[in-house]
Amino acid sequence: MLAFDKEYFNIGFLDTLSYKHSFVHSLDPRIKLLTTLAFILCVVSFPKYEVFQIIPFFFFPVFILSAGNIPLKFILKKLLVVSPFVLFVGVFNPVFDTEAIYSLNGFVISKGWVSLLSIMIRFILTVSAAFLLIATTSFMGLCLALERMKVPKVFVVQLLFLYRYLFVLAGETMRLIRAVNMRAFDRKNLSIKLFVSITGTLFMKTIERSERIYQAMCSRGFDGEIRLLKRYKINFTDTVFALATITVFIILRKYDITNMLGRALG
Amino acid sequence: MSHHIVEFKDVYYTYPDGTEALKGVTFRIHHGESVGIVGANGTGKSTLILQMNGFLLPTAGTIRIGDLQLDKKTRSEIGKKVGVVFQNPDDQLFMPTVFDDVSFGPLNMGLTIERVIERVDEALRTAGCYELRDRPPHHLSLGQKRAVTIAAVISMQPDILAMDEPAASLDPKARRQLITLLKGFKHTKIITSHDLDLILDVCERCIVIANGKVKADGPAREILLNQQLLDENNLELPLSLQRR
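Chains as they are written, first to last, in this note's numbering: chain A, 1 to 266; chain B, 1 to 244.
Since the hints were made in silico from the structure, they are not lab data.
Computed from a prediction, not measured in an experiment: that's the story for all the values here.
Don't be surprised by glycine CBs; every beta carbon is placed ideally from N, CA and C.
Please note that the accuracy of each hint is not assured.
Stated by the list, open to error - Okay, the calculated beta carbon distance ranges per label pair:
#: 1; chain 1: A; residue 1: Phe9; chain 2: B; residue 2: Lys72; range: 44 to 52 Å
#: 2; chain 1: A; residue 1: Arg183; chain 2: B; residue 2: Leu237; range: 35 to 43 Å
#: 3; chain 1: A; residue 1: Tyr232; chain 2: B; residue 2: Arg64; range: 43 to 51 Å
#: 4; chain 1: A; residue 1: Thr16; chain 2: B; residue 2: Leu241; range: 42 to 50 Å
#: 5; chain 1: B; residue 1: Glu122; chain 2: A; residue 2: Phe9; range: 30 to 38 Å
#: 6; chain 1: B; residue 1: Arg221; chain 2: A; residue 2: Arg178; range: 40 to 48 Å
#: 7; chain 1: B; residue 1: Leu237; chain 2: A; residue 2: Arg178; range: 34 to 42 Å
#: 8; chain 1: B; residue 1: Arg133; chain 2: A; residue 2: Leu166; range: 18 to 26 Å
#: 9; chain 1: B; residue 1: His31; chain 2: A; residue 2: Ile234; range: 48 to 56 Å
#: 10; chain 1: B; residue 1: Lys72; chain 2: A; residue 2: Pro84; range: 54 to 62 Å
#: 11; chain 1: A; residue 1: Ala130; chain 2: B; residue 2: Gly32; range: 50 to 58 Å
#: 12; chain 1: B; residue 1: Arg115; chain 2: A; residue 2: Phe52; range: 55 to 63 Å
This is chain A alone, in the form it adopts within the complex (with noise of 0.2 Å):
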């Protein structure tokens, strides 16, 4: 399979994910995006040095990925992904910060390898909420939950149509390139004039087809608004989940769970 074809149904498989049945998936978008939001406000806001009292946040990504059904290992391969960006951002702190923190028997830990590992902490830790909100909650239900927290209609509004036509337009993509490896044979490297003609036949099809799409909305009634029925309600569990898994948080960031249990243990 092409390269290409392969990013394509990876997105698919994301948006497919989305629309499975789970208690996670049942939530509401609102509540979701909030208890995301509160979850990465949280581990964004502990100091440069922390490790330890980061760790039992973990619970929930993993919660949300058990209870939502959705393949670890897709999770990390996303992770990986993005990975080597986050590395470059802490990669010199061991080199410029070499105080000593820890000491394992003559084993000296420099704050700079600690602040990196915080970071890469922090970065699993968001990045796979974010990727396991999206898994979970139909994009759809994002955007209404977007609208009904007063973001902005016309941002809405764009980020459903991006999402109705990137799929289209993936797909043309897709078909175009298979198109040209087939008769490009073993070619690998495409010339800057091909590229540029693709772009080119690309951007024409797409401007062509807003027009049929404007056609399309105008024949219906189309007068500058999109209507959006409201179709989410908060309900009781929504509201036990949100409190619960809230206030998790908040004690988690504010007392040392991993300290005090070690110890209560010790």
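With chain A fixed as given, assemble chain B onto it according to the hints.
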């Protein structure tokens, strides 16, 4: 009711790039009639459909839909009367779920929420795709997408249905279901297609367009049996009438 008339009088249309698509089209379609519009590729069939709901305005000549003459002021009113189903369902299903797409028209008509939901459910049932209600359009097959586009249009309860190549690239069973569906509608129907068997099945009248003009207009059975006429227009005898 005699007012669901579609009348083209000497209609000309030239695209901004200079392509003359229609060169004097005249016909009159009465209430409840189903009319097939056939012709070779590039003879102006799609242009004709785009004129019906006022998306394109004729460069010359007049179009009347019911009691209204099509112009800039009446085009939105006419848009409610004529439901157009476009060639490519991906152009028409622009909302993220089937339900949202079908409810788009009724919501714009200012109906109450209960009425909208009622209409959407009814339209989805009529088009035989109620179970697709919460699915996103990009996960549907072409036949399913087609059914949803039809539901989206009939949810607005138009008087006239205009369709551009409704059976294009459908599998035989989906095509047969579409034909049964179309036969069940009491609306005035205007269908362009190269699928002459579909026209023969669904329409009692047939108009042949050639080079932007009406070449022939009459009962579908007569027109679609006229071998010479069909030949001249890059068409051929419907398969069901061909002797093997």
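Now the hints, each set against the structure:
1. Phe9(A) with Lys72(B): 44 to 52 Å: With a Cβ separation near 46 Å, Phe9(A) and Lys72(B) satisfy 44 to 52 Å, so the hint holds.
2. Arg183(A) with Leu237(B): 35 to 43 Å: Because 37 Å falls inside the window, the suggested range holds.
3. Tyr232(A) with Arg64(B): 43 to 51 Å: 45 Å, holds
4. Thr16(A) with Leu241(B): 42 to 50 Å: At 45 Å between Cβs, range holds.
5. Glu122(B) with Phe9(A): 30 to 38 Å: 36 Å, holds
6. Arg221(B) with Arg178(A): 40 to 48 Å: Holds, at about 44 Å.
7. Leu237(B) with Arg178(A): 34 to 42 Å: Distance hint for Leu237(B), Arg178(A) holds at roughly 37 Å.
8. Arg133(B) with Leu166(A): 18 to 26 Å: Taking Cβ atoms as reference, Arg133(B) and Leu166(A) lie about 22 Å apart, which means the hint holds.
9. His31(B) with Ile234(A): 48 to 56 Å: Holds - the Cβ-Cβ distance for His31(B) and Ile234(A), about 50 Å, lies within 48 to 56 Å.
10. Lys72(B) with Pro84(A): 54 to 62 Å: 56 Å, holds
11. Ala130(A) with Gly32(B): 50 to 58 Å: Given a distance of about 56 Å, which is inside 50 to 58 Å, the answer is holds.
12. Arg115(B) with Phe52(A): 55 to 63 Å: Since the Cβ atoms of Arg115(B) and Phe52(A) sit about 59 Å apart, the hinted range of 55 to 63 Å holds.
Figure legend: structure checked against the earlier numbered hints; every hint is met.
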